[in-house]
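Asks: Using the sequences and the hints given, assemble the complete structure.
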Amino acid sequence: MAALLALERLDKRYGAVHAVADVSLAFEAGRLHAVVGENGAGKSTLLKMAAGVVVPDAGEVVIDGVRLDQHTAREAIARGIGMVQQHFALVGVLSALDNVMLGAEPVRALGRLDVERARARAVAVAREMGVSLPWEAPVETLGVGDRQRLEIVRTLVREARVVILDEPTAVLTPGEAAALYTTLRRLADAGRAVVVVTHHLDEVRDHADTVSVIRRGKLVSSRPMNRRDGEAMAALTRDIMGEGPPPRLERRARQLGEVQLELRDVRRGRALRGVTLRVRAGEIVGVAGVEGNGQRELVRVLAGLEPVDGGVVQAGPVAVVHEDRHAEGLVLAASVRDNLVLGELARFARLGMVDGAALEREARGRLERARVVPPDLDAPAAALSGGNQQKIVVARAVARAERGARVLVLAQPTRGVDLGAARAIHAEIAAAAEAGRAVLLVSADLGELRTLCDRILVMARGRIVTELPPDAPDARIGEAMLGGDAAPGAEARP
Amino acid sequence: MIERLRGATTATVAGVAAGWLALALLVWAYGEAPAAIAGQLLSGTWGMPYGIGQVLYKATPLLLTGVAVELALRAGLFNIGAEGQLAVAGLAVATLGAHLPRGTPAWLALPAVLAIAPLAGAAWAVVPAILRARFGAHEVISTIMMNRIADAAVGLALARGLAIPGTVRTPDVVPGARLPRLEALGLTSLHGSAVSFALPLAVVVAALAAVWLARSRVGREVVLVGLSPTACAAERIPVARRLAAALVLSGAVAGLAAVAPVLGYKGYFESGLGAGAGFGGIAVALLGRGHPVGLVLSALLFGTLEQGGLVINARVPMEVTTVLQGVIIVAVALADARVRAALLGRGRAR
Amino acid sequence: MSFLAAVLSATMLAQTLRMAVPYVCAGLGGVWSERSGVVNIALEGILLAGGLAGVVAHVATGSAWTGVAAGAIVGAAIGALHAVIVVRGRVDAIVSGLAVNLAAAGGTRFLLRTLYDSSSNSPPVEGFRVAGLGGGSGVALLARTALDPLTLATAALVAGTAWTMLRTRFGLRVRACGEEPAAAAAVGVDVPRVRLAAVSLGGAICGLGGVALAYDQHQFQSGMSGGRGFIALAAVVLSGWRPGRAAAACVAFAALDAVQIVVQDQARAAGYAAQMLPYLAALVALWVIARRRGQGAIAGRPPAALGKAID
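Chains as they are written, first to last, in this note's numbering: chain R, 1 to 494; chain C, 495 to 844; chain U, 845 to 1155.
All the given hints hold, so there is nothing to weed out.
Below are the SDA-like pairs computed for lysine to any residue, each with C-alpha atoms no more than 25 Å apart in a straight line: (1) U:Lys1152 to R:His87; (2) U:Lys1152 to R:Gly386; (3) U:Lys1152 to R:Ala333; (4) U:Lys1152 to C:Pro723; (5) C:Lys760 to C:Asp666; (6) U:Lys1152 to C:Pro732.
Since the hints were derived computationally from the structure, they do not count as laboratory data.
Replies: Structural data, given as structure tokens:
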């Protein structure tokens, strides 16, 4: 079957980073094609070039035998390539229907919007997909699942023949993910090329017709998916990781000490609805859950950035790694030095003036320990790779934990970070626990949680709904993520 | 580091070049010969001692308002209110200076009047500072409003008794409160010009401001807040307090700018004295690129333009210099934006 | 005439209406620009430039309508310049706006001297005189003001802006660019182009306001905008960036201006106090609104992408 969409020798660099290196790939109509790889491997960038969102440095995007020549989103959409991005391209204050119309609005005289025609078309497409949406509601009031369906409807309204989805299940519960794939299968069966960018191997195993593996910007392999072949799955994993699966972090038996962090029925706005948990010195407790269930507010409350509406928080000083290093973890335009000691200037100040030498010593020490290469204290944080940036943020928190903070809270600490840096960060976390800190690890990465944690709490709809051992099966965890029926306070259930 | 210097130079060169080009165009449009006018401008300013003195005199308040705007800018704030802060401070200085006992010696009178200037300027910045820090109301609008209110308030105060009856000026300040002209230093070459000890004072303030921003704890935190308020808030740096501090300090320095015309030149305050230095300070800060030496050079440039405008006024309207300010600001900002983007190494997706 | 009677008279109403036109035009200019995401503090400069352009064209051709066209065109051009500097040049919108204001202030005075050899006013112009409604009574003045072509045009522009913003393709795109430009770009909207169009349109309307200002005084005077551009911007912010409400806020400020005239007749010192009124009012309103927004009232929050660096 001839390829509907062909990517030919696409290449893209961002400064020193070679994000996509000479990749050629073909997508066929009627197939569900998974593009897999680790975080930061370059898969998103590759598909964004196909969709006209990113301009390639070299190479061609060919649809139906004809090349794209302007490489704009407009052109790609006009030629039938639709993309649902990881961070939805929706305007929150506008209605669902407005968002579907935007960019391809049907008009009457004087540029007047033809709302009836737009609605009729949207409803028809939605019905074909098997969904229904509240068209007049502002998008910001819609849940994540609805927003995603809206994005898909939009690509279909534009008559996309290639539908690309970038990490679509990152924000869905396992049940919603299954529903999504049913819809995608329908689309593929209707003759479209469906492309899913993901790093979840289970989805690939269960749903993909073809699998392509990207590692460090290069295409490693591309073959039809054979579900029954166990060896094929192992080969796939090897393709992705480069070598065998990472060695499990050796978990030394740790002495557990006093309870250093305790939350009892903590409430905050609509996000936290009665969170109860306890962490002891030397323990690493994980909080699993799909984004949007209160994790962000939980971390903010623990960091002391938000007051609680109800309940009790008992903790000494807390060192925090926030989930968004670009917005909250780093002052990107400031030097690495400033970032390493951010918020601690009072410590180095005598009579209002900062002791430059002392600050320099401390910063250099932290930099060396974090093993950032090259070790340049003057460089602006923005110039560092994601992995190095995160190492700095973690180094700062760990240093605080050593200096008196008894509790270390980390949110998504290895998101968007390369494998080497991730392993270094995991080692720091384990070391902090061994040194007697109470560690709370909030993460959407189940693998990370399984590697590090002594026990895993599952958070759903603003509450901790259950507690599971790190080797609990995926299905069990997924089921818990959907829950929320557990009585508040139930925190220990094997 | 070298790249940053190169980037800064490019932007400055772009600004100055654009300025000269615009001047040439406007002069030519007016019907005069650009070269001749440019020559006249330069000879009337840097070509004679009186001219140099006048340039220095005009540069003094510009340097101070430039520092003021820069302080706010580092915090990510725009202090458009230097005009009003300066006017209120001028009135305050002149009034206090005039009401001191006649024989007050300089070592008593000068500190008093020199202290009230920044206090008055800071006071005039307090309302916008609180509005911004506590309520998030944009300081551009509030500082502009404060300028206009200052106009009216100063007029009201003068009409209601602070002025000499029948005039719009305050009485003279006592002799002890005056800042001696620089020619008192024996620099007879500056004879007749208005430049006073306010100039070295301004330079010292510029240097102190730079040190404060780079070495003091509050100053460094102000800079960090300006770069990323969210990250600072996440690390418990008191963002609102730092923003307020920056704006109030900015007002204080702007207020200090009033001492040059009031204490160093006229010896009294009148409506409109010092006007233009507030907006000029914005141009100085933007061209000065955040470096004290840059601010001084920039103040000298705009001081030259201001004095030069008077010199050529007989042949070409002096308003050209205002237009030039606008052109230079844009040219520098355009060049700067490209440099900054390149430095931070952002690869742009479209 | 007692103060109260003076304030509530037809004359006062007429004065308010007359003075409101430049404010409202500048306000609409601000709405178009800022809804698309571009902060525009250059309204003051555009009022001046538009006013001078109108007068110059009027003097040169003898036609008031040509003046109107010239004012709109110059306003659009300056708006476009501001937009290009901000959107393509990636310069901070406030820096660009300030520069435009400076250049306009100096430039208009420069042109006054160049063209008319005066540093303060232009030759007199006729403007629009509504025929057949002479007489000095308050009601007559009110009628003349209401039927002035520029007043009618302004009213139409208010309605037109509201309708266009909500019901047309252009309006939808402008709103999208002001809220989530990245999302708009992802679906193929040319964000820089939409912003350029919106800011230019706003500039044209603001330029009209400048022409109205000059025609009202039957000449152009140096610095005649007198802060109206900034007040109009404050009105836009206070009204939550909505055209109808911004216009209403502008009229309210114009009323304060008109009160000032009445008061100045009474006492000079009080005149200064009255002069402060519009600005004090703006500050107080700014505070009240900011407090309410801080408490979570989302109505009338700024367009999300306003003032943010693009990309």
